[in-house]
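> Protein chains in written order, with our numbering: chain A, 1 to 339; chain B, 1 to 339; chain C, 1 to 339; chain D, 1 to 339.
No lab work stands behind these hints: they were computed from the structure. Any given hint might turn out to be false.
Because identical chains cannot be distinguished in the list, a pair is counted as satisfied if it fits within a single copy or across any two copies.
Unchecked claim - Simulated pairs of lysine-lysine, DSS-like, Cα-Cα distance not exceeding 27 Å:
| hint | residue 1 | residue 2 |
| --- | --- | --- |
| 1 | K28 | K3 |
| 2 | K303 | K253 |
| 3 | K139 | K3 |
| 4 | K303 | K165 |
| 5 | K249 | K43 |
| 6 | K336 | K28 |
| 7 | K164 | K249 |
Residue-level listing of the chains:
There are 4 protein chains.
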Amino acid sequence: MLKVGIMGASGFAGEELIKILLGHPEVKITALAAKIEKMHVSKMYPWAKAMLDLDCFDMSAEDVAKISDAVFLALPHKISMDFAPALLKKGKKVIDLSADFRIKDKSVYEKWYEIKHECPEYLKKAVYGLPELYRKDIKAADLIANPGCYPTSIILGCAPLLKKKIVDTDCIICDSKSGVSGAGRTPTQALMFTEVVTNSFRPYKVNFHRHMPEIDQELSSLAGAKIEVNFIPHLVPMERGILSTIYLKLNKKINTKEALSMYKDFYKGEYFVRVLDEGILPDTKNVVRSNFCDIGIKAFPGKSLVVVMTAIDNLVKGASGQAVQNMNIMYGFNEKLGL
Amino acid sequence: MLKVGIMGASGFAGEELIKILLGHPEVKITALAAKIEKMHVSKMYPWAKAMLDLDCFDMSAEDVAKISDAVFLALPHKISMDFAPALLKKGKKVIDLSADFRIKDKSVYEKWYEIKHECPEYLKKAVYGLPELYRKDIKAADLIANPGCYPTSIILGCAPLLKKKIVDTDCIICDSKSGVSGAGRTPTQALMFTEVVTNSFRPYKVNFHRHMPEIDQELSSLAGAKIEVNFIPHLVPMERGILSTIYLKLNKKINTKEALSMYKDFYKGEYFVRVLDEGILPDTKNVVRSNFCDIGIKAFPGKSLVVVMTAIDNLVKGASGQAVQNMNIMYGFNEKLGL
Amino acid sequence: MLKVGIMGASGFAGEELIKILLGHPEVKITALAAKIEKMHVSKMYPWAKAMLDLDCFDMSAEDVAKISDAVFLALPHKISMDFAPALLKKGKKVIDLSADFRIKDKSVYEKWYEIKHECPEYLKKAVYGLPELYRKDIKAADLIANPGCYPTSIILGCAPLLKKKIVDTDCIICDSKSGVSGAGRTPTQALMFTEVVTNSFRPYKVNFHRHMPEIDQELSSLAGAKIEVNFIPHLVPMERGILSTIYLKLNKKINTKEALSMYKDFYKGEYFVRVLDEGILPDTKNVVRSNFCDIGIKAFPGKSLVVVMTAIDNLVKGASGQAVQNMNIMYGFNEKLGL
Amino acid sequence: MLKVGIMGASGFAGEELIKILLGHPEVKITALAAKIEKMHVSKMYPWAKAMLDLDCFDMSAEDVAKISDAVFLALPHKISMDFAPALLKKGKKVIDLSADFRIKDKSVYEKWYEIKHECPEYLKKAVYGLPELYRKDIKAADLIANPGCYPTSIILGCAPLLKKKIVDTDCIICDSKSGVSGAGRTPTQALMFTEVVTNSFRPYKVNFHRHMPEIDQELSSLAGAKIEVNFIPHLVPMERGILSTIYLKLNKKINTKEALSMYKDFYKGEYFVRVLDEGILPDTKNVVRSNFCDIGIKAFPGKSLVVVMTAIDNLVKGASGQAVQNMNIMYGFNEKLGL
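Use the sequences and the hints to build the structure in full.
Dropping the structure here:
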């Protein structure tokens, strides 16, 4: 049994990791760390009563390292880079769900996150944990930069066409919609039940969301050209799920059938990416609480426009599920195990 | 036009007062006070843009008194009793939505609210603002103690049978269910969207909710006997609405038809209390955003048991709507005006 | 008092008309027609008990005409054109909420709605009831074609820039999101509570929604050029509200401030269109149950791209509220009356 | 691998069975039957794409029997009794989720369900599938009458005190609240998203719900005395979950600590029943999508009253999860397998 520690167990991604890993047959959760008063996990998460007998408290990276083989960092950015080096030095494998190791260019990171990067020497070693693109590197990695939720939904949606070099890279529009858990667990008035449930659908951070440099980096790498997306996120009054509607201008006329065939080819053998048949559109509810990414496509050849619609669960394929998928790859488990 | 001030404009009851009073043809809102940085009402409530041009800021009772004829106190308990005397001394009429003047017995108040009452001399002058029971006193009052939301739903549900003295007063069970706005606007983790929307229905404060002394006081007064209810409140994952299911053991066998006829008699001429026909049950959605209280009844004569089900909007008949109804009575307006 | 009949009282738009008109001081509802068994309005809508004393039943246009001055047709397309002529011949003013008189070109209507138009002679007489664009014609009209919900949100969002002729008319993308009431009241499995509430956000009818010819017609007229929009509607798991995120490529570089100033100019004096200040974005919850259309704008001059975000209540400004606004204009009432 | 067939795969309980059984390591789903046009399971349930490759169609009991060892009947009452005998005659084990074999007294069944029982000879053989009470019988059974959702929540809540014979059996009040999936999947207007999401909390079928004879039968058996409960169900605007608030008058004064200790004793060793510590109350969200039943207790010794609050997921412990728990017991699997 692989001994696994979770640092940041009190956030949504941490909670989701506990849920997933409790059902993983090759894993035993051995450490739960969070910046809270020591409490039993069943007090923090009453649903876990009788399922897990462990205290959660403010542990150092060293203490977690002592009792774990692999460590998930479900921490806010900036905190992750404080913990990761110590864990790596102890020979532990680290899967970091924050943004700290996702951006290869230190200066881009520092500009968008408005802090100094404490350990830029790890940026090169870190592997961007999107298995469908980087499986081979993940297998060999010690440090995984687990992708952001929006980036996962957008990169998987764009990859096949970008790789074909038939996209007008000047004009990519990503109109994304996320459930409220994407905003995290810190209580604010805007995220209270009574504020959201009252028919509140709204855009936010139009073209200045911190997931943008990550999206740009990966799309540029796929296209072999510098891309700056237009990214317009919205909040949906539901718990979880992301649907991204992506508008791609092509430099070539293709119809829906042709586009779908490119996607089916590209994702052949990928269990967790489901390219939907013509006429079928994704719905976040079909992927919620699963690690799937559903992709639907509609092309307007007359306008050289393709609309790609992708759906994921922001907390699963967009965070903790993908992290476990990465762990499975790193340790040679069946990639679907526990998912 | 009656000049009206609202102290506590940043809470749910304050916001609801603004909404209602903006549609009241005889009223002009002249003051909005709250313990916040000065800001335009349209910043605090974007829905109000173009509808009301007023700043909201931290005003003293004296400042509010200068520009208002009547003042609503939509404040937490304890704060209200700091403000009310100053307003009354300036000759203003005060409608207090807190609990500070509802409990006639100072020691009961002090026990349940765990603070000293600062101005007990007003307890006698204050009129309990339930128009269906105290309309005549309200008309003459300067200080209204506007009822709590749960008490409104329970007192209106029990009054006709208690008045008839046919209830076993030892064994009244009030199983009440409230929308989340009843818990107020202060952000806490338990009230976040993501915590509530995930199928969260739960009891809380079983038999120690602060609305209990108020319910006991009014039911005892109706029955002419000391009553201690069993009060079990629950939170429903919806914005607003209270449904109380009240179980009354009778010392007499009556059927549903007889019970309904007592209720229809008792509430004859009361526009805001709707006694539903046999076989029709209340639904919170039918009273939401209205000042109605819907009452449905089912009797089990074989068991001498009557189930009374009442539905109100906790923010309207349970708070701000009833406050405006009281204002209408105090100023001789049509009681339905603006409601 | 204007005597008003509502045909199609059992649908969402009909119900919303009743709610709005009950609060209108110059109007008396005199007829409620629907293809149902005769029943009292309080049986159909329990919220209306004590508020309106009228039966609803299957009435002919002639019967409605006898007791009404103005008639709202809140009917499905095809049915409206069966009723409107009879009402107009009796000298009644008709406000039609269906699509039957919105499309000026009979053949376009017949293609999209897949039926023969029964009375094309009225297409020219009908005035498209968007007051912010056609107020003068509305004042003189007998037959109003009340705009669709999506079209209202998109046309108001595009009008100022299209009028300036600075939009690349080849590439307008409208990514719209609607609450579920937009799908109507007929029970289907896809619209059940349990299907929608489970985190269901989804696109539908990508580029073949029936509101498209209406949008194209009005945008083309504004631009003075043939426009075919790309229209991608989505369903949001909430009751009501539409947010349209509109992407406009410009043939000129303008910044957010300049764009906002064009919009504020264009909508100067329009009470129901609120152009939000820089940095403020619309939220459907701020317009729900009101007749406002909120517009937020963000420009990316480097890319000649402008993102316009508009929010309305699909049942109010997108249907019944706008219908009442039209009625107010037709009868010379204050345009805001009852709204 | 146990080959398992599901008849009634298109309802909520059938869908939940598929979800659970897909994660069960000892089971293979071999048949999906429903009264629908033949379609692939991924068309009926898009979430199942890539997870299960099976068609669902209108199969006879015989056809299902040919390819299955055990059969779940997730059918409406009346239909189940048409299928069960044929399956049993073929030597299959049957777990029936309908009410057809729950009521031991044929005449009581026929009165409440208003039909003739077609195979009363099986009523005696059928075992009421509540493992915490009847585990030994379940182990040996061929036909399980899987309990109803409300009965599960109420019987588990009452059993310990009833067994102790300290309850006044004349006056048991069960105030239950259920998520909307409890009402089934047939589309009706009352169950549409737009009807429910608008703050709709309501009682229904007050004291004439069909789960009553089942509750009475089991409570009477526990108490050794004829019990007729007062059962007042309510609909909560959420997908799933039942919370029952049960009021028990005792003939003995006990405090909360004593009551809790009785419950902890009674349920010792039962993994799926979690008796909560003093001061902790159940919340449906803690049991949703799990097979747990959480029980919280508060006693008022001064009034000889105990309030028992139980929470389950109506589709899991209240239906499909309990059915799988029964299957695990019948086949000697670990009782928690797949749950």
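> For each hint, tell me whether it holds in the structure or not.
Checked hints:
For the identical chains of this complex, K28 and K3 are intra-copy neighbours only, at 5 Å inside a copy versus 30 Å across copies, given an alpha-carbon limit of 27 Å. Both within a single protomer and between protomers do K303 and K253 lie at most 27 Å apart by alpha-carbon distance, with minima of 8 Å and 23 Å respectively. Taking the shortest Cα distances, K139 and K3 sit within 27 Å of each other inside one copy (18 Å), while across copies they are farther apart (36 Å). In this assembly of identical chains, the alpha carbons of K303 and K165 lie at most 27 Å apart whether taken from the same copy (18 Å) or from different copies (21 Å).
When the C-alpha separation of K249 and K43 is checked against a cutoff of 27 Å, the pair qualifies neither within a copy, at 51 Å, nor between copies, at 31 Å. In this assembly of identical chains, K336 and K28 lie within 27 Å of each other by CA distance both inside one copy and across copies; the values are 17 Å within and 17 Å between. Taking the shortest alpha-carbon separations for K164 and K249, both the intra-copy value of 13 Å and the inter-copy value of 25 Å come in at or below 27 Å.
The structure fails hint 5 only (numbered hints given earlier).
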